[in-house]
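Number of protein chains: 2
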Amino acid sequence: MAVIVQKYGGTSVGTVERIEHVADKVLATRAQGNQVIVVVSAMSGETNRLLGLATEIMGPAPHGPELDVLLSTGEQVTIALLTMALKKRGCKAVSRTGWQLEIKTDQASNKARIESINTDLIQDDLATDAVIVVAGFQGIDQDGSITTLGRGGSDTTAVAIAAAIAAQECQIYTDVDGVYTTDPRVEPDARRLEHITFEEMLEMASLGSKVLQIRAVEFAGKYKVPLRVLSTFEDGPGTLITTEENQMEQAKIAGIAFNRDEAQLTVKGVPDQPGIAAKILGPISRANIEIDMIVQNVAWDNTANFTFTVHRNDYQRALDILQTTSDKLGANTVSGDDNIVKLSIVGVGMRSHAGIASQMFEALADEGINIRMISTSEIKISVVVDEKYLELGVRCLHDVFGLSGNNADNK
Amino acid sequence: MAVIVQKYGGTSVGTVERIEHVADKVLATRAQGNQVIVVVSAMSGETNRLLGLATEIMGPAPHGPELDVLLSTGEQVTIALLTMALKKRGCKAVSRTGWQLEIKTDQASNKARIESINTDLIQDDLATDAVIVVAGFQGIDQDGSITTLGRGGSDTTAVAIAAAIAAQECQIYTDVDGVYTTDPRVEPDARRLEHITFEEMLEMASLGSKVLQIRAVEFAGKYKVPLRVLSTFEDGPGTLITTEENQMEQAKIAGIAFNRDEAQLTVKGVPDQPGIAAKILGPISRANIEIDMIVQNVAWDNTANFTFTVHRNDYQRALDILQTTSDKLGANTVSGDDNIVKLSIVGVGMRSHAGIASQMFEALADEGINIRMISTSEIKISVVVDEKYLELGVRCLHDVFGLSGNNADNK
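Residue numbers (our numbering), protein chains in the order written: chain A, 174 to 584; chain B, 174 to 584.
With the rest of the complex left out, here is chain A:
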């Protein structure tokens, strides 16, 4: 019998009524002749409630091993309730916490990584023909302390279990019905993709299409676990995330991602010498500011212009740090702009299709959109443009690369 791992997030189990609905969905999957392992998150709002209590004691940004002890109760509540709902329907079911399944992690509290899962225990449970209801997001370290995988870690739990027992499919139920070519709120013609590759999904996710946790996608890609994103609330096939080889025909571009939360900082006239990038970016990193795009150009006078982007919330802090650094380095000017956005086109088809970049730049130029920064990877091209061009840019790229309307069906 095939084993399907299903993961239901906080919104999907946000009320008792919704938990009952999840129980019905699990039963439907069993009725199709599958064994089911269900991984659940805390009921929506619960994690924030618990964080609120911790914040009252520890102040903003609570952390440390006790936070794991605290937050892991959220998923434990859900597994108890879902198991009750399954049993009420006459379905054999067992609830399992992270420690009960021996989901072993490293010792990094609040952001632990799974090291191993005791698959014997899972196989024992499967042998009883019970639905296994697993608390996502949590594990134990080598000392037997409770750990958590960080926010959204339930996706990772589901993928790790699916990988460990070579499940037929790992289904991530969420409040959207799949992965779209771009955000439908920006481009009403955006289409759900039938398939997307792990690599494309990684670029889409990290660029702002927040459907799946990046780590879960990486994990699934590494262990070749077929991953499906689908809606808890509507029926439908969702989007299957899989390896490239499975694709019959590859469209050039899978989707258009964008990120509104960027801010750009530039230092002009820094001495063009080895180690200068580290000198500029080091103080920023040490202040725990995450840097996204980095571009360096040589100027006419053999000094360098250096530009990078950070999250908009970190803009002012980064600017202050950069000003200090640049004074030390004898750079000419520091400038910045927090009215910018990043647009990206993503697709493994880029590898085998030339001219994608120029097609993108021409399309933007035709709409009078000025490109302020460019950064490329093997399956992605990102540009920074003025914030006001976000919607126009997304729509024109969506159209140029044939993603709108029925064209998307070839994916």
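FYI, nobody ran anything at the bench for these hints, they're computed from the structure. Possibly wrong hints are sitting among the right ones.
All copies of an identical chain are treated as equivalent in the list; a pair is satisfied when it fits inside any one copy or across any two copies.
What the hints assert, rightly or not - Listed below are the simulated DSS-like cross-link pairs for lysine-lysine, each with C-alpha atoms no more than 30 Å apart in a straight line: (1) Lys395 x Lys261; (2) Lys277 x Lys265; (3) Lys260 x Lys277; (4) Lys425 x Lys260; (5) Lys284 x Lys265; (6) Lys284 x Lys261; (7) Lys425 x Lys441.
Predicted, not measured: the structure shown is a model, and the values here were computed from it.
On the provided structure of chain A, position chain B as indicated by the hints.
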């Protein structure tokens, strides 16, 4: 260094502010040169919130192993928060769930009994000089399933740990400042007892002075763990519950207990033959109605009159069952009264002092209070009287046995 086990109930940890206050109290106990193990309950309201969720799925009276998984999260939240509060104060502390301490219980979900505790783990933690913050009320069974000890089980956890490591004292912090000679709301002259014996406490607790869980008192008595009841919110020595031998001088009566929730049922004219009590009470017990007092008298015609009491909520149901039984037995009449209360005097001193019973009956007679039923044990005499005499009865007994005012200080 002496080890003190402290237990704080739901009201004592009901808010973050109160948890911070508990942290201060723990620190004060450490400052006196003790090591401290703190056992905590769920924050007040939390268990009811979780029960509410379970009830939505399972209907009234939820039960089963998932309920244990659900409810045990309540205490886990508290240990996390209290450990955070202790660490914030620079105090070394570790949080421990039931399974982490290997508190092994039988498999009776929702009302499990502790079978063993791994004291090595506690000693390891004590060796690091950390305060050990333990989730009360919970354990694991031999299969590694989470169990709970039933409501109020945190007291039992505290006593079991104190017994297992031979702690110097087990302190139960609550919202009253000790055990009283009777309920101060009925007798304003009621006095806090400095000492009470385990046996007296058992009789007081089971008769309605709901300060401590009966099982915890039994446990403490069995393993001779000195148990102290004291207030979380006021300083003071509380009441020490200890073995009789420790008492310098024994007063005759420790206190006056009473129970408002009784109802009385009588069958007259049942054939006086072996097995008749079982025939009358069997159907009542099988309907899960708990029977309290039982009195049987032989009548003039060699039939028997049989009277017993039940909880007032079960009165109507018990009366219906009794009517059916009595028809089968050919008994004369069935009658009942749910306007009665039980008054009891409790004291180990009764054993060595004659005439206590008659002193009690005379005192009640002097006030014109008619006694409807009498039942005695080695250290307790209980009478059933009309409900309207409750306050008068308690006050006159309190006075007659010298419990009022300064007289109580001799305890």
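| So which of the earlier hints does this model not fit? | 1, 4, 7
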